[in-house]
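Given only the sequences and the hints, what does the whole structure look like? Please build it.
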Amino acid sequence: MKLISAGETAANTNMSAEAGEDLARIGEMAKKYGVTLRTLRFYEDKGLLNPQRDGSTRLYTRRDKARLKLILLGRKVGFSLRDVKQMMDLYDPTGSNTKQLKLALDKSEKQLARLQKQKALIDDAINELSGSMSAVRQMLSERSAPQASAAS
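Residue numbers (our numbering): 489 to 640.
What the hints contain is simulated information worked out from the structure, not anything from laboratory work. Heads up, a few of these hints could be off.
[Unchecked claim] Cross-link-like lysine to aspartate or glutamate pairs, in silico, DMTMM-like; alpha carbons within 25 Å at most:
#1 K534 to D580
#2 K553 to D542
#3 K520 to D533
#4 K598 to D571
#5 K598 to D612
#6 K553 to E532
#7 K607 to E597
#8 K595 to E616
#9 K564 to D611
#10 K557 to E532
#11 K553 to D571
#12 K595 to E630
#13 K590 to D611
#14 K520 to D510
#15 K573 to D533
#16 K557 to D571
#17 K557 to D510
#18 K587 to D577
#19 K573 to E597
#20 K557 to D594
#21 K557 to D580
#22 K519 to D542
#23 K590 to D571
#24 K520 to E532
#25 K534 to D594
#26 K553 to D611
Keep in mind that this is a model prediction, so the values were computed, not measured.
Put into structure tokens, the structure is as follows:
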């Protein structure tokens, strides 16, 4: 998984357009990735995406698409947007990205621990609810049986 910075995206916008790169409009991006236009604008306001502009039209490069995929993946596993931005902004195309990778691993380990704790709590709640439902079913069957035989 390759992380890139918002600054790098801005620096390379002219080069990508000259290379004949496929640019996507905001509506196409929203539809393709299942997000709203408002979400894409919000990510832009937060410095997570930096689309090119053609007048008032936002044009998203391949780099923006990769960043959006990373944002959505991060959100899916429970990272805050601040965490996602921190990790993406550490990307250096000319460096080893050791700092970025260490940060991503550290944040991932902490998030995995949080998710495992939540899963244990959810498993407990499911077991409690299942037990309660079994008890209610038993009570209903006991109360229904005498009425059925009394009606005969």
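A quick look at each hint next to the structure:
no., hint, in the structure
1, K534 to D580, "holds, 20 Å"
2, K553 to D542, "holds, 18 Å"
3, K520 to D533, "holds, 20 Å"
4, K598 to D571, "holds, 12 Å"
5, K598 to D612, "holds, 22 Å"
6, K553 to E532, "holds, 12 Å"
7, K607 to E597, "holds, 15 Å"
8, K595 to E616, "violated, 32 Å"
9, K564 to D611, "holds, 20 Å"
10, K557 to E532, "holds, 14 Å"
11, K553 to D571, "holds, 19 Å"
12, K595 to E630, "violated, 52 Å"
13, K590 to D611, "violated, 31 Å"
14, K520 to D510, "holds, 14 Å"
15, K573 to D533, "holds, 12 Å"
16, K557 to D571, "holds, 15 Å"
17, K557 to D510, "holds, 16 Å"
18, K587 to D577, "holds, 11 Å"
19, K573 to E597, "holds, 17 Å"
20, K557 to D594, "holds, 20 Å"
21, K557 to D580, "holds, 18 Å"
22, K519 to D542, "holds, 20 Å"
23, K590 to D571, "holds, 13 Å"
24, K520 to E532, "holds, 17 Å"
25, K534 to D594, "holds, 23 Å"
26, K553 to D611, "violated, 36 Å"
When held up to the earlier numbered hints, the structure conflicts with 8, 12, 13 and 26 and fits the remainder.
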